[in-house]
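Enquirer: Residues per chain are reported as follows:
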Amino acid sequence: MIEVSNLSVSFGSGERRKQVVKGVSFQVAKGETLGIVGESGCGKSTVLRSLAGLDRHWEGEIRLNGQPVERVRSREHLTLAQMVFQDPYGSIHPRHRIERVLAEPARAMKTGEGWDRVAPALEQVGLPAAFAERFPHELSGGQRQRVAIARALMLEPEVLLLDEPTSALDVSVQAEVLNLLADLREERGLTYVLVSHDLAVIAHMCDRVLVMKDGLFVDELDKSDLARGETHHAYSKQLFEASYL
Amino acid sequence: MPAPETVLTVRNLTVRFARSKIHAVDGVSFDLGTERLGIVGESGSGKSTLGRAIMRLLPSAAKVEADQLDFDGAPLLTRSEREMRSLRGNRMSLIMQDPRYSLNPVLTVGKQVAEAALLHQKIGKKEAYAKAAEMLARVRISDVERVMELYPHQISGGMGQRVMIAMMLLAKPRLVVADEPTSALDVSVRGDVLELLDELVRENNSGLMLISHDIRMVAAFCQRILVMYKGRVVETLTRLEDAQHPYTRGLIAAMPDPRKPVRRLQVLDRPAIDALEPRP
Ligand SMILES: Nc1ncnc2c1ncn2[C@@H]1O[C@H](COP(=O)(O)OP(=O)(O)OP(=O)(O)O)[C@@H](O)[C@H]1O
Ligand SMILES: Nc1ncnc2c1ncn2[C@@H]1O[C@H](COP(=O)(O)OP(=O)(O)OP(=O)(O)O)[C@@H](O)[C@H]1O
Ligand SMILES: [Mg+2]
Ligand SMILES: [Mg+2]
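As given, the protein sequences belong to chains S and F, one line each in that order. So the first sequence is residues 1 to 245, counted in this note's numbering. So the second sequence is residues 1001 to 1280, counted in this note's numbering.
Please note that the accuracy of each hint is not assured.
[To be verified] Here are some, though not all, of the chain S residues that point toward chain F, as calculated from beta-carbon distances under 10 Å: (1) D87; (2) L169; (3) E176; (4) M205.
These are calculated hints, taken from the structure and not from any lab test. Each residue gets a CB set at the ideal place from its N, CA and C atoms; glycine is no exception.
Let's have the full structure, built from the sequences with the hints guiding it.
Expert: Set out below in structure tokens:
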């Protein structure tokens, strides 16, 4: 579903130029969930933003569903992969009512009006339909995050790029959201790339995990590695030891 | 053991938003000493609203009432907005849930942190920059020089949280309300940041209210935990194992455990909990 080869991302120019992602390659099969973990600032969100077509600084090759995508995405490619942002405000316009936030993607992509789908979208993420009337600041942090997930699902993408989707949620709502994501994966054969610093969440959701450090992937763990806490690199070892306390 | 000095006294605090009938915070009472107090609870249970009510940072649509809300022995609710402004960021500090959106978008990170240093410590401009750089390094920002030149939208989520914390540490407040301050940090950086918060509390005789949904972390770091459900404090714990309330137990059961993989996570039996917590 996703094939990335030699992806690099740099910011700034001249002396200030900083390479944030340093030529990484990976693949994600259809229906698979790939996890990415790593230190804060190592480039995880940057990788997701490049996949989602939100960053145009990247070099290398990205293929979605077998087709190479351009830096400036076609409408069809944009709807293929949707991102759920780390801070919900990244995708939610602060001065728009929730109904408009949710209807916007469908309208922008000209796939219909979107209004009629607002109520079911809210209910799907466990929020009352009456929240459609509210402004983002009238919701709690976790409620906003669920709106962001609902928004990403509006266009029925095949790939969801999830950047810390539950870090603003308490564990009970987290469990509900993770179960929802698991159900969707089953029903619609969705493919996920999930970034989280919470190894318990990663181990629960992912078939495979890449460990990122300083713009590079330094380790890859499969389900049985995760269950046994087995690692192949000093950094991932450190990461696991610190979180299994 | 002598009773800890009281930083904050909260009695029967209630917050209601104009648009909704229910109380976002419903009759909450507690004392905060020079200690680390954790606040956990369901999303939407009123944790952030409680923190903001104490800081008097709620919009005017919010109706705040309390029998008592004292900070450092003096009532907060009767203070003028001007007095509150000088208290905030000075004697009391709030670290907000969406850090990158709480920072000033048109100022570089370096400028903002240096300004905090300038404001709170009697030093010159150049020293303030040096102090800012030092503080950013202490919250484990690597590449400090480069990061200081960046604007808030150019830093990562976890970097934003650490920038907020660095600014707060420079202010050395007596009361810190930290709303999900470490949710985007990996465990190793988080450990260091928590240690810094702990140092601050000890050195300045401060009280810390740590709001988080991560009950494992809160239980490890805080001396006491208030558990909130639908605007109310349903229990106060010193150890997670002592949890009695079905909501708290449900929370503990809902945590994924890497050593015991399950296909579906357990979710709360809300009707059963609500039956125990009848609302008017
Ligand atoms: N627009 C930009 N301009 C300059 N630097 C940037 C920009 N966007 C990101 N960066 C830099 O890229 C690096 C990686 O950021 P990224 O957001 O990908 O980290 P992350 O791994 O998601 O971290 P976190 O876990 O804290 O969210 C950071 O050092 C950041 O400052
Ligand atoms: N300005 C507002 N107007 C109306 N309702 C509001 C407003 N702000 C918050 N609320 C509501 O008050 C309740 C408590 O919100 P609060 O932000 O305190 O929750 P929280 O416990 O911090 O949750 P989270 O863990 O998701 O951040 C929620 O149901 C929210 O929708
Ligand atoms: Mg990130
Ligand atoms: Mg909150």
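Enquirer: Confirm or reject each hint.
Expert: Hint check:
1. Annotation: interface hint on D87(S) holds; nearest CB of chain F at approximately 5 Å, less than 10 Å.
2. For L169(S), the interface hint holds, since its Cβ comes within 10 Å of a Cβ in chain F; the closest pair sits about 5 Å apart.
3. At about 5 Å, the closest approach between the beta carbon of E176(S) and any beta carbon in chain F falls short of 10 Å, and the interface hint on this residue holds.
4. Given the 10 Å rule on beta carbons, the hint for M205(S) holds: about 8 Å separates it from the nearest Cβ of chain F.
Figure legend: structure checked against the earlier numbered hints; every hint is met.
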